[in-house]
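Q: Sequence:
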Amino acid sequence: MTRVPPPPWKPLHIHVLFSFLFLLITVVEFSCASSQHFLTSERITLLKLKQQWGNPPSLRNWNASSSPCNWEEVICNHNGSVEWLLLMSMGLTGHIPPFICDLRNLETVFLSDNFLTGEFPKVFYNCSKLVNIDIARNGFFGRFPNDIDRLSGLMMFAVGGNNFTGDIPPAIGNLSALMYLSLDNNLFSGSIPSEIGNLSNLETLDLSSNDLEGEIPSGLLLLKKLYSLTLHKNNLSGRIPSMIQSLHLIEIDLSINKLNGSIPKDFGKLRQLEVLNLFSNHLSGNIPSEIKSWSSLTTLHLARNKLSGPIPPTIGYLKGLLNLDLSENQFSGDIPPQMSHLKLMTLNLSSNKLAGKIPFAFDNLAYENSFLNNPDLCSSASSPISNLHNYYAKSPHSQKFPPKIIAVIVVLSTLIILFAILCTMNVYRRYLKK
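In terms of mature numbering (1 follows the signal peptide of the UniProt record, and there is no 0), the sequence shown is residues -33 to -1, 1 to 401.
In case anyone wonders, no lab produced these hints; they're calculated from the structure. Even glycine gets a Cβ: it sits at the ideal position worked out from N, Cα and C. There may be inaccurate statements among the hints.
Restricting the straight-line Cα-Cα distance to at most 20 Å, the calculated cross-link-like pairs of lysine-lysine (PhoX-like) are [to be verified]: (1) K191 with K236; (2) K259 with K236; (3) K236 with K192; (4) K324 with K273; (5) K320 with K200; (6) K192 with K259; (7) K259 with K225; (8) K259 with K232; (9) K286 with K236; (10) K310 with K286; (11) K200 with K232; (12) K225 with K200; (13) K273 with K225; (14) K232 with K191.
Listed next, with one range per pair, are the computed distances between beta-carbon atoms [to be verified]: (15) K320 with E180: 31 to 37 Å; (16) D343 with S263: 31 to 37 Å; (17) P137 with K96: 21 to 27 Å.
Work out the full structure: start from the sequences and follow the hints.
A: Here's what the structure looks like:
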């Protein structure tokens, strides 16, 4: 049987094949050349940054003979271009220079915990691909620029622990991609701009330890993706917003402010809440019964307010609760026996108006200081807690007698004493006559 030879290659096919191979080689060569260009030019930029920031010993591995992509503090993309700078706690000094944006593909700059200084580094405006900025805990100062929204692609913005002053500019509410915003531990004043309520992608908001005043904008608790809200240690006043749609909140810290009114009943919707800290405000009213839905709660800190009424029994069904502080309020009545179900690490109910006997589960030395300054609160007869009254010593069914019986006892005791005195005097007279 005769074998059929393969069809001969036509000149057109050969031409197409060689053209494809030439194109492939050209692309590979261009890619290598481009990658080499990135390595060379960006290495020069990085070494200039090292010099600008005081040639710290922590960057001794940055040198002209190695690839930046092999440096621990640098992450490159697949083309060998720098995307991330991870320079936390490196001992950097000086300013952030404009040529940092010569790193054309720079997306993330982490410069926290250094000694950098100057006003807000507007040089970042020229880093067109920047999405994450962390310059927390440095020495930056001055007012925030009103055109901060020029950093339109930001997803993370952390500037806490500096010395920024003045108002938080409303333009910050235009950073629509923002997921993490931390301005804590600065010197910001004025009110919280309501425009922050426009940040629909925001998950974490930390404005704590500033000098902010006024009310909490209602829009903050309408952010549906928010899971952490930290506003503690400011001068915020007014009521806590009553309408809540931030149903994914895990942490709320509004402590050390001047908030008044009651704890919103809508807090009962927060089924994922783990930490609620309202310490040191002017809140009043009862603890809402809706707290029974806080099945994930681990910390409840309501101390130093003006809360009153009984401690709700439903608090005893928060099985995950580890830390409970209701001290320095005006709570009254008995401690709910349901609280015995809790496995608390810390408990503080001191300086209230609680009465009755403390539950057996807490009648031990681990809770010795948990009940101070509750005059009508008692311990059991065998209690090791020495700073509480003995329950049986105060019980109306033990040693406490009706007033009439007490009066009779007093009269009889007096008569017996008088009789004893008369007898003594009589014996003494007889002795003298002898």
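Q: Are the hints correct? Go through all of them and say.
A: Hint check:
At most 20 Å may separate the alpha-carbon atoms for a hinted pair to count; K191 and K236 meet this at roughly 13 Å. Restraint check: the Cα-Cα separation between K259 and K236 comes to about 10 Å, which is no more than 20 Å; the hinted pair holds. Proposed proximity of K236 and K192 is supported: the alpha carbons are some 15 Å apart, at most 20 Å. The hinted pair formed by K324 and K273 fails the criterion: a straight-line CA distance of about 23 Å is larger than 20 Å.
Taking the CA atoms of K320 and K200, the gap is near 28 Å; set against the 20 Å cutoff, the hint is violated. Of the pairs offered as hints, the one joining K192 and K259 is violated, with about 23 Å between alpha carbons and a cut-off of 20 Å exceeded. A hinted pair counts as satisfied when its Cα atoms are at most 20 Å apart, and K259 with K225 does not qualify at roughly 26 Å. Between K259 and K232 the alpha-carbon distance is near 11 Å, which keeps this suggested pair within the 20 Å criterion.
Distance restraint check for K286 and K236: the Cα-Cα separation of roughly 18 Å lies within the 20 Å cut-off, and the hinted pair is therefore satisfied. Restraint check: the Cα-Cα separation between K310 and K286 comes to about 8 Å, which is no more than 20 Å; the hinted pair holds. For the proposed pair K200 and K232, the alpha carbon gap of about 24 Å is over 20 Å, so the pair is violated. Taking the CA atoms of K225 and K200, the gap is near 10 Å; set against the 20 Å cutoff, the hint holds.
Note on K273 and K225: the hinted pairing holds, with a Cα-Cα distance of about 12 Å set against a maximum of 20 Å. For a cut-off of 20 Å, the pair hint linking K232 to K191 stands: about 18 Å separates their Cα positions. Hint check: K320 to E180, Cβ distance near 32 Å, so the stated range 31 to 37 Å holds. Take D343 and S263: their Cβ atoms lie about 34 Å apart, and the range 31 to 37 Å holds.
Look at P137 against K96: about 25 Å separates their beta carbons, and that is inside 21 to 27 Å.
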